[in-house]
Every structure is written in structure tokens, then in C-alpha cells.
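In case you want the letters, here they are:
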Amino acid sequence: MNNRLKVLRAERDWSQAQLAEHLGVSRQTVNALETGRYDPSLPLAFKIARVFGQPIESIFSDDQA
Amino acid sequence: MRKWRPVIKATVITFGGGLLFAFLGGIAVGYASSSGWIAPEMGELIVTAVFAAAIMAGALWIGAEWMRVIDEAAREAHKAAWYWGGTAGMCVSGVALILSSAGPWRDIIAREIGSGGSPIDYVSAGAALMIAPMLIGYTVVWAWWWLARMRG
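From first to last, the protein sequence lines stand for chains B and S. Following our numbering, the numbering of the first sequence begins with 186 at its first residue and continues without gaps. Following our numbering, the numbering of the second sequence begins with 597 at its first residue and continues without gaps.
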């Protein structure tokens, strides 16, 4: 799974810790999401979409599609 | 810190309550045995069994509260560790179970282990042999999962 988390976070000038606080997860989890080493659950993906005000499919893309 | 309150509360109640029960239970057993109502060993067994069961139930409660507090990635690490580490540990224990259960090799192993000890020692050793490989597997898989995803 690919995602644009790092780009979206940079656009808002947020640190990983700040994004983690918005999402209610740890900074390590944000780092793992950004580097593609961890795929979020559907509830967390929806939360990420809400935080950035964008649809899920504009943030995440299937690298096997 | 506020989100950890349920975990702290469960820990304090479990261990504080457990120690208080053991203290009061010890006094009660001392009084009951000196009055001739119960054999001291039986009283100690009852108090220790209730204490152990309560501490283990409390440990489950602490674990449940803790799982609610940690984030989903941390939960996934523990799920993976429990399944893969616990299963691998059970496979190790399974080898010991097969070798000690039946067949001529059972006598060879028994000779190598030697004699001595009482049946309760074997019960204790069996319980430890069941738990230890699962715990080791759990720890190894958790560390692998965590380091593979959370470094940096």
C-alpha cells in the first residue's frame, strides 16, 4: 500500500508527533505508516482521511492495482 | 498520562488487594489453625490458591485495560507475537510431549534425566516447560515485528 501521508503532513508543517496526536496513535506508528511498513486499519484510514479532509482513495493507493 | 489511569488503577487494585488479602489471610489462617479449626497447611493452601487465582485474574484485567490504551500498531504487534511466537513455542513443547508420552525412547530419556524429585516437581517442571517456550517465542516475534516496522 502506498500513501501520501508524508506529503500531506509536510504541507501542514506538522511533525510526526503532531500528526500522531491528531490521530491518537504513537509517533512510531506514524513513522511506520509513512514508510509503508505498516498498513492502517480501516477505522484509522478513515480517521486519517478526516484529519486531512480528503477521501481515503486520494491518500492511499494499492501498489498492486 | 490520563489515558493510562485505567491501567494504573487495575494494577494498584490487583497487587494492593492481593497483598492485603495475603496479609489478612495469613492472620486468619494463623488464628484458625491455633484454634484447631483447620490444619495450618490446608489454610495456607487455600489462601495461596485464592491469592494466585486473584493475581492471575487481575493480570488479565490489567492486560485488557492496557490493550485498550495502546494504539492499533502496538496491538497488532502483540497479536502477531501471540499467534506466531506462541504457536512456535507450543511446537517446541509438543516435541517434549511426544517424546515423554510413549515409545521405547521414553525409558532412554527417563534414564538420562535421572531419578529424584517428587511428582509435584514434575508437575511444576511440566508447567514451566509449557509456558517458557511460548514466552520466549512471544518475546522474539514481538521484537522482530516491532523492529521491522517501528525503527526510525
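One should not assume that every hint holds.
The following residues of chain S were derived to be distant from chain B, with all beta-carbon distances above 10 Å [to be verified]: (1) Gly632; (2) Ala669; (3) Trp738; (4) Ala744.
Derived Cβ-Cβ restraints for the label pairs, each shown as a range [as the list claims (entries may be wrong)]: (5) Pro240/B with Arg664/S: 28 to 38 Å; (6) Phe611/S with Phe231/B: 30 to 40 Å; (7) Asp248/B with Trp678/S: 23 to 33 Å.
SDA-like cross-link-like pairs, simulated, lysine to any residue; straight-line CA separation at most 25 Å [unchecked claim]: (8) Lys675/S with Gln213/B; (9) Lys675/S with Thr220/B; (10) Lys191/B with Gly621/S; (11) Lys191/B with Arg702/S.
Bear in mind the hints are in silico, worked out from the structure with no lab data behind them. Note that beta-carbon positions come from the ideal geometry of N, C-alpha and C, so glycine has one too.
Here is what the structure says about each hint:
The claim that Gly632/S is not at the interface with chain B holds, since no C-beta of that chain comes within 10 Å of its own (minimum 59 Å). Non-interface status of Ala669/S relative to chain B is broken: a Cβ of that chain comes within 10 Å, the nearest being about 4 Å off. For Trp738/S, the condition that its CB be more than 10 Å from all CB atoms of chain B holds, with the nearest at approximately 14 Å. Taking the minimum C-beta to C-beta distance to chain B, about 7 Å, the non-interface status of Ala744/S is violated against the 10 Å cut.
Pro240/B and Arg664/S have their C-beta atoms about 29 Å apart, which keeps the hinted 28 to 38 Å range intact. Remark: the range hint 30 to 40 Å for Phe611/S to Phe231/B is upheld by a beta-carbon distance near 39 Å. For the pair Asp248/B and Trp678/S, the supplied restraint of 23 to 33 Å holds, since their beta-carbon distance comes to about 29 Å. Distance hint between Lys675/S and Gln213/B is fulfilled; the C-alpha atoms sit about 18 Å from each other, no more than 25 Å.
With a CA separation close to 21 Å, the supplied pair Lys675/S and Thr220/B stays within the 25 Å bound. Distance check on the hinted pair: Lys191/B and Gly621/S sit about 58 Å apart at the alpha-carbon level, beyond 25 Å; violated. About 60 Å separates the Cα atoms of Lys191/B and Arg702/S, which puts this hinted pair outside 25 Å; it is violated.
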